[in-house]
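**Q** Sequence:
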Amino acid sequence: MLFINIILPVFLMVFAGFVLEKTGHLDFRTLTFSSLYLFTPALVFSALLKNELQLDLARDIALFMVVYTLVMLGVSVACGRLCRMDRETRGALSLTTVMMNVGNFGLPLAYFAFGEAGLNASIMTFVLFNIPLGTLAIIIAQGAGVSLGTALTNTLKIPIFHAVVLAFLCQLLHVPIPVFLLRPTEILGQAAIPVMLVLLGMQLAKTQLGAWPGFLSLSAIIRLGLAPLVAWGIALLFGLDELTRKVVILQTSTPSAVLPLLYSIRFGTRPDLVAGAIMVSTLLSALSLTVILYYLQG
1 MLFINIILPV FLMVFAGFVL EKTGHLDFRT LTFSSLYLFT PALVFSALLK
51 NELQLDLARD IALFMVVYTL VMLGVSVACG RLCRMDRETR GALSLTTVMM
101 NVGNFGLPLA YFAFGEAGLN ASIMTFVLFN IPLGTLAIII AQGAGVSLGT
151 ALTNTLKIPI FHAVVLAFLC QLLHVPIPVF LLRPTEILGQ AAIPVMLVLL
201 GMQLAKTQLG AWPGFLSLSA IIRLGLAPLV AWGIALLFGL DELTRKVVIL
251 QTSTPSAVLP LLYSIRFGTR PDLVAGAIMV STLLSALSLT VILYYLQG
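Going by the numbering used here, the first residue of the sequence shown is number 1, and it counts up by one from there.
One or more hints might be untrue.
What the hints assert, rightly or not - 20 Å max Cα-Cα, derived SDA-like pairs, lysine to any residue:
id	residue 1	residue 2
1	K22	L204
2	K157	F33
3	K50	V179
4	K22	Y37
5	K206	L20
6	K206	G268
7	K50	V165
8	K157	T23
9	K50	L173
10	K206	L12
11	K50	A205
12	K206	F33
13	K206	F15
14	K206	P132
15	K157	L173
16	K50	L216
17	K50	Y111
18	K206	M13
19	K22	A205
20	K22	V179
21	K50	I177
22	K206	K50
23	K22	K157
24	K50	G268
25	K206	F11
26	K157	P132
27	K22	T207
28	K157	V179
29	K206	T23
30	K50	T207
31	K22	P194
32	K206	P194
33	K157	T32
34	K50	K157
35	K157	L133
36	K50	A191
37	K206	F18
38	K50	Q190
39	K206	L216
Calculated directly from the structure, the hints in this document are not laboratory data.
Remember, predicted model here, so these are calculated numbers, not experimental data.
Kindly generate the complete structure, drawing on both the sequences and the hints.
**A** So this is what it looks like as structure tokens:
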């Protein structure tokens with residue numbers, strides 16, 4: 001029942017996007033722009049505004065994110081060196097194992113699994129993961145050719161960051177938002193989750209699956225097998241409350257993120273391997289996430 005009620009609805013919406021892309025009935029660029037600049041910022045802003053600002057929780061999630069990212073990065077680099085991979089291939093391995101799909105996949109999954117409370121917690125995780133992981137993805141993809149300042153500046157330009165700052169300022173300064181502004185923002189935000197999943201399906205439809213069984217197997221094992229265990233241990237170490245612990249474990253167990261593929265294409269960090277790993281991990285996650293949800297809800 002976990003698969004039918006939680007996992008299957010996610011994959012059905014992904015499949016809808018896949019079909020729409022294959023039939024050419026939807027413009028990918030327009031939908032991406034709408035999601036990035038309208039629906040997702042509206043979701044983040046309205047969700048953060050409805051929930052009381054919890055600095056302690058934000059601190060705990062941020063610390064979790066730092067430790068988790070460092071551990072996973074260390075694992076990917078070590079595995080890449082042990083397997084004698086070149087720099088570009090090691091970069092592709094890091095992009096597909098450290099970067100998980102907390103947005104397109106993680107937000108809907110948390111909502112279906114834990115309801116509105118789970119969605120609100122997952123948005124906090126999404127926000128706190130998005131900025132540092134986005135910066136790290138640029139650094140990994142470009143290698144030594146980019147500075148931390150440049151990567152961080154590019155990341156802070158995304159509209160989601162502006163929505164976060166605006167929501168926090170409204171809460172800290174106790175600025176009331178008029179109903180005529182809040183209602184359309186909430187409705188636009190409700191469109192974010194289905195649009196994210198449709199976009200994921202459209203992106204997968206563009207992906208060419210190559211023949212690199214060794215790399216794809218290693219990437220999938222680290223992302224879907226090892227990552228949940230690492231997240232589980234760190235969450236227990238930091239003593240997160242039950243719901244937050246379940247949400248961060250679930251979100252960090254999601255398949256490889258799609259955004260790093262764009263960076264790998266731009267900077268030449270084996271986009272063929274990255275695209276293949278995204279496809280394989282997304283398909284296999286139907287099984288791995290069902291098992292993880294069984295234990296989280298047990």
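**Q** Does each hint fit the structure? Answer for all of them.
**A** Checked hints:
1. K22 to L204: Holds: K22 and L204 sit about 10 Å apart, inside 20 Å.
2. K157 to F33: Holds, because 14 Å separates the two Cα atoms, which is no more than 20 Å.
3. K50 to V179: holds (13 Å)
4. K22 to Y37: violated (25 Å)
5. K206 to L20: Holds, because 11 Å separates the two Cα atoms, which is no more than 20 Å.
6. K206 to G268: holds (18 Å)
7. K50 to V165: This hinted pair holds, its Cα atoms lying about 15 Å apart.
8. K157 to T23: Status violated; Cα separation ~33 Å.
9. K50 to L173: Cα-Cα ~15 Å, so holds.
10. K206 to L12: holds (18 Å)
11. K50 to A205: Violated, because 36 Å separates the two Cα atoms, which is more than 20 Å.
12. K206 to F33: Holds: K206 and F33 sit about 17 Å apart, inside 20 Å.
13. K206 to F15: holds (13 Å)
14. K206 to P132: Roughly 27 Å separates the two Cα atoms, so the pair is violated.
15. K157 to L173: violated (24 Å)
16. K50 to L216: Violated, at about 41 Å.
17. K50 to Y111: holds (16 Å)
18. K206 to M13: Holds - the C-alpha atoms of M13 and K206 are around 16 Å apart, at most 20 Å.
19. K22 to A205: Holds, at about 7 Å.
20. K22 to V179: violated (40 Å)
21. K50 to I177: holds (11 Å)
22. K206 to K50: Violated. K206 to K50 sits at ~37 Å, over the 20 Å cutoff.
23. K22 to K157: Violated: K22 and K157 sit about 31 Å apart, past 20 Å.
24. K50 to G268: violated (42 Å)
25. K206 to F11: holds (17 Å)
26. K157 to P132: holds (13 Å)
27. K22 to T207: holds (11 Å)
28. K157 to V179: violated (28 Å)
29. K206 to T23: holds (12 Å)
30. K50 to T207: Not OK: K50 and T207 at ~38 Å, beyond 20 Å, violated.
31. K22 to P194: holds (18 Å)
32. K206 to P194: Cα-Cα ~19 Å, so holds.
33. K157 to T32: Holds, at about 16 Å.
34. K50 to K157: violated (24 Å)
35. K157 to L133: holds (14 Å)
36. K50 to A191: Roughly 17 Å separates the two Cα atoms, so the pair holds.
37. K206 to F18: holds (9 Å)
38. K50 to Q190: Given that 20 Å is the threshold and the Cα spacing comes to 14 Å, the pair holds.
39. K206 to L216: holds (18 Å)
In this structure, the hints that do not hold are numbers 4, 8, 11, 14, 15, 16, 20, 22, 23, 24, 28, 30 and 34, in rising order.
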